[in-house]
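Given next are the chains, with one letter for each unit.
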Amino acid sequence: MHLIATLGSALAIALSIKNIGFLILGCFVGLIVGVLPGLGPVFGVALFLPLTFNLPVDSSLILLSAIYAATAYGDGITSILLNVPGGPSGVAVTFDGYPMTRMGKAGMALGALAGSALVGDIIGITALITIAPALANFSLQLGPAEYFSLCLFGLAMVAMISKGKGQTVKGLLLGCLGLVISFIGRDVITGSVRFTFGSSFLEDGVSFVSASIGLFALSQAFILAEEGGSIAGDHVLVSKPWAGVAAAFRYWYVTIRSAIIGVFLSMMPGIGITTSSFLSYMVEQRTSKNPESYGEGNIRGVIAPQAASNATASGELIPALSLGIPSGATSAIFIAALTLHGLRPGLDFFTSGGDKVNAVFAGMFCAALVFFIVGMTCTPLFAKVTKLPNSILVPIITILCFTGSFALRNDVQDLVLTVIFGIIGYFFFKHKWPVQCIVLGMVLGALAESNFHRALQISSGSFGIFLTRPVSLILILVILVMLVLTYLSDPLKKLKRQHV
Amino acid sequence: MVFNIGRKGCSALSIEAHQSPKMSSGTIDLIMVAIVCLFFAVIFVMSFFLSKTAGMVPKLISGLGLILCIIQAVQALRNMKAGTRQGEDDEKDNAHEGVRWYLHLLLVALYIVCFIMFGFIVATLAYLTLVPNLLGHKKWVTNIIFAVVTTGIVYYSFVNWFYVRLPLGLLFSNFF
Chain A
55 MHLIATLGSA LAIALSIKNI GFLILGCFVG LIVGVLPGLG PVFGVALFLP LTFNLPVDSS
115 LILLSAIYAA TAYGDGITSI LLNVPGGPSG VAVTFDGYPM TRMGKAGMAL GALAGSALVG
175 DIIGITALIT IAPALANFSL QLGPAEYFSL CLFGLAMVAM ISKGKGQTVK GLLLGCLGLV
235 ISFIGRDVIT GSVRFTFGSS FLEDGVSFVS ASIGLFALSQ AFILAEEGGS IAGDHVLVSK
295 PWAGVAAAFR YWYVTIRSAI IGVFLSMMPG IGITTSSFLS YMVEQRTSKN PESYGEGNIR
355 GVIAPQAASN ATASGELIPA LSLGIPSGAT SAIFIAALTL HGLRPGLDFF TSGGDKVNAV
415 FAGMFCAALV FFIVGMTCTP LFAKVTKLPN SILVPIITIL CFTGSFALRN DVQDLVLTVI
475 FGIIGYFFFK HKWPVQCIVL GMVLGALAES NFHRALQISS GSFGIFLTRP VSLILILVIL
535 VMLVLTYLSD PLKKLKRQHV
Chain B
710 MVFNIGRKGC SALSIEAHQS PKMSSGTIDL IMVAIVCLFF AVIFVMSFFL SKTAGMVPKL
770 ISGLGLILCI IQAVQALRNM KAGTRQGEDD EKDNAHEGVR WYLHLLLVAL YIVCFIMFGF
830 IVATLAYLTL VPNLLGHKKW VTNIIFAVVT TGIVYYSFVN WFYVRLPLGL LFSNFF
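Here the protein sequences line up with chains A and B, keeping their order. Counting in the numbering used here, the final residue of the first sequence is number 554, and the numbers go up one at a time with none missing. Counting in the numbering used here, the final residue of the second sequence is number 885, and the numbers go up one at a time with none missing.
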């Protein structure tokens, strides 16, 4: 009853004519920012934050919520069409989304993306309204040792989902590479400068945005330039977006399971959309009867990461709004927005926030519906991008890569960084190394290192803390068991066949 | 707008590129492992010159990276001995009709130099006019219209909607 009453009140606020305008504007901005390579929700929300100063509180919260929710969906569009994730959350969608495009099923994949994003968002918002306090309390029980193990768990899982024989070692290797890259710059604990080779530019660290644009977008431009022709080639674009939406509901267990994983992980600071989308993909692949079909254009490989991404986007606001603790960069900016409007996040916000709380719920909920409608309407248009000749598409991608990379810090050196990572990405993609592991290593580097040191401080320098804390021990055991199973799976299958 | 480019629309650059020799996937894997290994080794050595706190995790991770490099190198050597099937697959994957990556990289490098010297608008206009032509889309008029429209849209949206200051270039910044 509480949920229905809250949603009713939220809808009443959102459906005023003024707020519908902000809702649609937020969705369009979110979709555009999401589609542009490298520009994620942080960029979109941060960019529009100054514009909300003069707006009423409810309108500004609706605008920011709509941008936030639509960006998580927009990130997946280019992942499907161009194999270029609009942001880190779109990386896992590329695994099966792009092969579907290659098969001429771009429309269907985009439909599945919209359907799963809608369901993921609704589940995330439902969690935001109902189970926020309980889950937020659970995340508070996790200490530094658990966070460190969780980082290792995230990295190991991503390495293990990498397709093909011998890919796990490559995945782990690239995960370590990502971690080491994240160590460049100022140390998170002592503040001392390390591994900069005398460059003042590197003192702030390797820009994650420039690196991910290079690894995923520019490298694709190099590959597409080599291939010639067009992405979809001679395939006829079977534009069946509604069949994709139907698939998101037909595989309801995939959608709901992934959304729940997304909500659960959104409670944990720093884990974020990227990890949740990877993890949900891995869960689906591992539990599937045909795991080898993943990575070859399996529609469940699109549904799972997108449902998790959108559920995480909504769920990230749970600890941010109820405890004032951001679980990611975007929710941190959201807290800043609340503070700018004289609101204090925390228990007070929920107990005495009134209309403001409902404005956030309304923004997220209606944004889900609006980006679904916009997405479905424009899907045939989006799908036509794949028929553009690469000679036209490559220069556009390259220009967007450099403009996006330059936009964040207004520094030309970021362009050079993008090129370096573009070359690295090109070789790794070309020779089928799991590039996504580098990105995950870079995301988790600072979090893993700071929690490692905190755990050691608590235990007075004893490494035993990682094995004596139950959650940490379980995570480490799961990693070990999964690693062993990965290597034993082939001999076990052979044994089974011999018995048969 | 319909762009009629067939798969035959290759530039002279690409024809030259097709004649380059190919390496087996095992050899390429080994080269890549060696480069990554070198990077880990540099970080591993450098971390000994840092304070205990700042160097501990980089030392552990780069050490682990070195071990994984050895495992991967052994695996690559085994694959090389096992046969050439993988190599044949790669050869199929490497079939291409456009321009080689390093030639495209050269164009990208030229774009960055122009970006710094002449600013976003001039560099982008030049890049978008020339590159489609080099990649096989030989219609100059269409390319110029495409360049002007795309540059305009990107410039307007980034400057007016996203409030990103795109550079005027070292040569023009004194005049504006």
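For the record, the hints were derived by calculation from the structure and aren't laboratory data. Don't take every hint at face value.
Pairs of lysine-lysine, DSSO-like flavour, derived with a Cα cap of 27 Å [said to hold, decoys possible]:
{"id": "1", "chain 1": "A", "residue 1": "Lys484", "chain 2": "A", "residue 2": "Lys441"}
{"id": "2", "chain 1": "B", "residue 1": "Lys848", "chain 2": "A", "residue 2": "Lys484"}
{"id": "3", "chain 1": "B", "residue 1": "Lys847", "chain 2": "A", "residue 2": "Lys441"}
A quick look at each hint next to the structure:
no., hint, verdict
1, A:Lys484 to A:Lys441, "holds (22 Å)"
2, B:Lys848 to A:Lys484, "violated (30 Å)"
3, B:Lys847 to A:Lys441, "holds (18 Å)"
Checked against the numbered hints given earlier, this structure breaks only hint 2.
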